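*Asks:* Given next are the chains, with one letter for each unit.
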Amino acid sequence: MTLVLEQLLNGLQLGVMLFLLAAGLTLVFGIMGVINLAHGSLYMVGAYAAALAAKITGSFLLAIPAGLAAGGLTGMAVEYLVIRHLYGRDHLDQVLATFGLILFFNQTIILLFGRQPLFVQIPPALSGAVDLGLFPYPAYRLCIIAAGLLIAVGLYFLIQRTRLGMLVRAGATHREMVQALGVDIRLLYTIVFGLGALLAGFAGLMAGPLFSVQVGMGEQILILTFVVVVIGGLGSVAGAFWGALLVGLVDTSLRAFLPQILRGMMAGSEADALASGISAMGVYLLMALVLLIKPKGLFPGHA
Amino acid sequence: MRKFLLPTLGLALLLAWPFIAEIIGSPALITLFTRMMILGLAASALNIALGFGGLVSLGHAAFYGIGAYAIGISTTHAISGEPFLGLVSGSNLLFVNVLVAMLVSGVAAAIIGALALRTSGIQFIMITLAFAQMIFFLFLALKAYGGDDGLTFRRRNALFDLNMRDDATFFYVTLGFLLAWLAVCARVLHSRFGLLLGGIRQNERRMQAIGVDTFRMKWIAFIISGMGAGLAGALMANLGRFVSPDLMHWTTSGELLIMCVLGGSGTIIGPVLGAFALIGLEATLNTWTEHWQAILGPLLVLMVLAFRGGLARIGGRKP
Amino acid sequence: MKTMRIMAIAAATFCAAGAVQAQEPLKIGMITTLSGPAGYLGLDIRDAFQLAIDMQGGKLGGVPVQVLVEDDGLKPGQGKQISEKFMKTDKVKLLTGIVFSNVALAVVPDVLEDGGIYVSPNAGPSNLAGKECHANYYVVSWQNDSLHESAGSNANNLGYKKAFILAPNYPAGKDALEGFKRTFKGEVIGEVFTKLDQNDFAAEIAQIRAAKPDFIFQFHPGGAGIAFLRQYQQAGLLEQIPMVVPSPSMDAVTLKAIGDAAIGVNVSAQWNSDFDNPANKAFVEAWTKKYNRPITYYASQGYDTALAIGAALKGTGGKVDDAKAFRTAMMKADFVSVRGNFKFGNNQHPVQDWYSMKVVKGADGAPIIKTNGKISSNTGDFYAKDCKL
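Protein chains in written order, with my numbering: chain Y, 2 to 304; chain G, -2 to 316; chain A, 276 to 664.
Bound conformation, chain Y alone:
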């Protein structure tokens, strides 16, 4: 039983990481109608900047602003130089240009940092495990969950309660009308894109101490993020949140529990291989299922 709880917590942690990326992706699509394949690159940039700052200063606290700034600023630069020219263009053009950006970012990171993965030490205060009564759980992962949930709440307030949020909501549904009302739509776009990039950078810097910081880390998670966004419904931040949690929990539970269940039915090693196969495809099957029932996703946000 405690194992089940622990695994649910693991699923939740994966879910909030995915949410940080999915939120940006879905916002950018919802407001600007742009598909940004290079969103994963912003995650990578955040992770590398944080790793570099942590290495130079030796402090994880200083790595946080570095990762955020790198993610956000790179995002705004990308918006200004490339994405801005893609509004209203064919999705195909957007795919191609952002694909080009991925090639560029990956290779530039190789030029700057080399090919070997970098590592960030966990801040000493968070390096241990916290006893949750039933089982010990790594403090750093708890911290990620807390930060992710806080950001989700913050985003909710930002979008539901502020003027910027109002424009964002209006922009998602009635783009032309917002423009016609004299809102500086360019600035709004840059801000929203920068916000999405900031969140991606944050996810990247949080991921550093857990995973290896390496070239290609962005694409690995990008595709999973796509699944989240499609399940949640394009353009909907709430959809991204619930979609991310669903994907995180389903993915973790399949990996954690399917082998045992199948082992009850067949030989050990066969069960393990089959379980691994099914859990690798699990989230994609989940996506297919959702699409069969609700083609626009669970929370269709965009008209």
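Among the clues, some could well be false.
Claimed, not checked - Derived BS3-like pairs (lysine-lysine); straight-line CA-CA distance at most 25 Å:
1. A:K406 x G:K140
2. A:K456 x G:K140
3. A:K663 x A:K599
4. A:K531 x A:K565
5. A:K660 x A:K406
6. A:K449 x G:K140
7. A:K660 x G:K140
8. A:K607 x A:K594
9. A:K636 x Y:K56
10. A:K531 x A:K556
11. A:K594 x A:K618
12. A:K456 x A:K660
13. A:K556 x A:K618
14. A:K633 x A:K456
15. A:K618 x A:K660
16. A:K531 x Y:K56
17. A:K599 x A:K366
18. A:K437 x A:K649
These are calculated hints, taken from the structure and not from any lab test.
Source: prediction; values computed, not measured.
Assemble the complex: chain Y is given as a structure, and chains G and A must be docked to it using the hints.
*Replies:* The following block gives chains G and A in isolation, referenced to the frame of chain Y:
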């Protein structure tokens, strides 16, 4: 006149290419051009969905890879003599294998298409990518057929009594397939089906209003497109006598899209030109620096931003 | 460009040595992985190979050589193209360099079919070690399964009984677990296949905690392996449940990346930088002087490969056209390997000793891999019996 001049010149150059390559002393260029033609075929297949049907698929590497694996699996079974799944025996005949490859990738395209076409626009892009990724991981884990290591077979499939081991011969065989495929494309583009498809691309609702089953039309286009990608995969498997999940990595899908757009999507010859241009560019940049992607990336962005319509439309030619 | 540079270096050293001979240098084609996260493997093989040539004054076994290097980018198709170019355009007969089994499986059969000779400095896939072994195919490193078999023996020697084993769900991962189980005498109480692109192992670590094994064996290549180790340590398990890994999971470069978190991990390998023999000392010293970066197993294998080729060339007087004569000379393995004992088995894969190592704190506080003792002597591989050479 001009309309025919360039294609004729191009064809003449291709026909003479193996001799030219021998004369300038780099026979490896024959294989490079064979590869360009095969990828051109794949891009042209994608173009049926993309350029004619307006379906931006970021998952065509899956069909390409499935076609290649059909060859790999059939050929290994033919060599080992064990029937596939204990039911069907493998084959070493090119025509049989190519048909099988197209059939299998067509079925895959039918299934994925049926699901993915429930959506449109960006969701469609993401879903085709996700499904292709799923298939990629499936083959990665498929130990019976090499998984990550891929599948090597010693001989190319047989076609009549030709010496397929000879690279020049295989070059001409590929050229034959490419021309046949382009002829099919031209037929599709100018048939009633092609016109309807164009109508759907421009205004789907209007076509629905006049009673066209748009879902079915797009589905058929997607299936044909998948089959073409499978054919290209089948040729690629024969060229290298080797298949691996690498073929269906998602960057392959991206590169096919680039070829289409670079050459001009929605034109017959464009994607092939695009393939030649991109592979040629990659090969050239690669000899300058190993960091060629840092150059190719921005070039791509510039191309999209500055230059619309593709190579085939330069000089104001209409598709 | 890269090829040009290496040629220039080889030519320069050749001239500097003052050995003016009419003889054209012998071309050796090196296909290796220089790009991607695993690029350092190929880099070390290439540099160590070149180091051996430099140390012999631009020659191998008294024969001037010139190495053509190209990057396969870990793509089998690309490797194949390079090998064709080497053999057809540059007329190279002798090839080496491939790091990864999937590239080797695509390239090597073709090279052999076209009458070439291939000497592997790293990949030793099982498909080419048994029934399909070939007279012109040599492996200087190891047969892949030996890595995991030695880890199994290592666990036996360490007195562990209950194992929990993990590897990614792909052929190399499955081979790893099979190889381990082949030699491990205790009980396997848990077996998990992870996803190939997975880098968060929280779910698996929770399972390990619940299963309470004596130790775990895990094999995850590249960044995933490092991520696993770090998360395992973060969960506080490394002190409670020790870890046994094969050498690809813990080389000098990964160790540097992981830092103190790796202390206590058990490794098994055929070579280590602290080996106390004159050949190895000379090698490590020359490496440090020239490259001044951590020295890995891959470097030692690249270096030994160059020495093995040199010994064969010495025997044939620099000729590679007569594959039979080359084979006779090669199979003598008439060189001093940096790993100590070295022979070729009947399938032309190594018969060598395996050692047990542990990551400990070094004199300067940084963790090092320390050799503790021999696991097994004169060990061949599992597939040699199927080879009819």
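*Asks:* Could you run down the list of hints and mark each one as holding or not?
*Replies:* Each hint tested on the structure:
At most 25 Å may separate the alpha-carbon atoms for a hinted pair to count; A:K406 and G:K140 meet this at roughly 19 Å. Between the alpha carbons of A:K456 and G:K140 the distance comes to roughly 18 Å, so the proposed pair stays at or under 25 Å and holds. With a C-alpha separation of about 16 Å, the suggested pairing of A:K663 with A:K599 holds against the 25 Å cut-off. For the given pair, A:K531 sits about 19 Å from A:K565 by alpha-carbon distance, which is consistent with the 25 Å threshold.
With a C-alpha separation of about 9 Å, the suggested pairing of A:K660 with A:K406 holds against the 25 Å cut-off. The suggested pairing of A:K449 with G:K140 holds, with an alpha-carbon distance near 9 Å, which does not exceed 25 Å. For the hint linking A:K660 to G:K140, the alpha-carbon distance of about 23 Å falls within 25 Å, and the restraint holds. Restraint check: the Cα-Cα separation between A:K607 and A:K594 comes to about 16 Å, which is no more than 25 Å; the hinted pair holds.
Our distance criterion of 25 Å between C-alpha atoms is met by A:K636 and Y:K56, whose separation comes to about 21 Å. With a C-alpha separation of about 21 Å, the suggested pair A:K531 and A:K556 falls inside the 25 Å cut-off, and the hint holds. For the suggested pair A:K594 and A:K618, the alpha carbons sit about 22 Å apart, so the restraint of at most 25 Å is met. At most 25 Å may separate the alpha-carbon atoms for a hinted pair to count; A:K456 and A:K660 meet this at roughly 19 Å.
Among the hinted pairs, A:K556 with A:K618 is consistent with the structure: their alpha-carbon atoms are about 20 Å apart, no more than 25 Å. Between the alpha carbons of A:K633 and A:K456 the distance comes to roughly 21 Å, so the proposed pair stays at or under 25 Å and holds. A C-alpha spacing of about 16 Å is found between A:K618 and A:K660, which places the hinted pair at or below 25 Å, so the restraint holds. With a C-alpha separation of about 13 Å, the suggested pair A:K531 and Y:K56 falls inside the 25 Å cut-off, and the hint holds.
Between A:K599 and A:K366, the direct Cα distance comes to roughly 19 Å. Compliance with the 25 Å bound is thereby established for this hinted pair. With a CA separation close to 22 Å, the supplied pair A:K437 and A:K649 stays within the 25 Å bound.
Of the hints listed earlier, there is not a single one the structure fails to meet.
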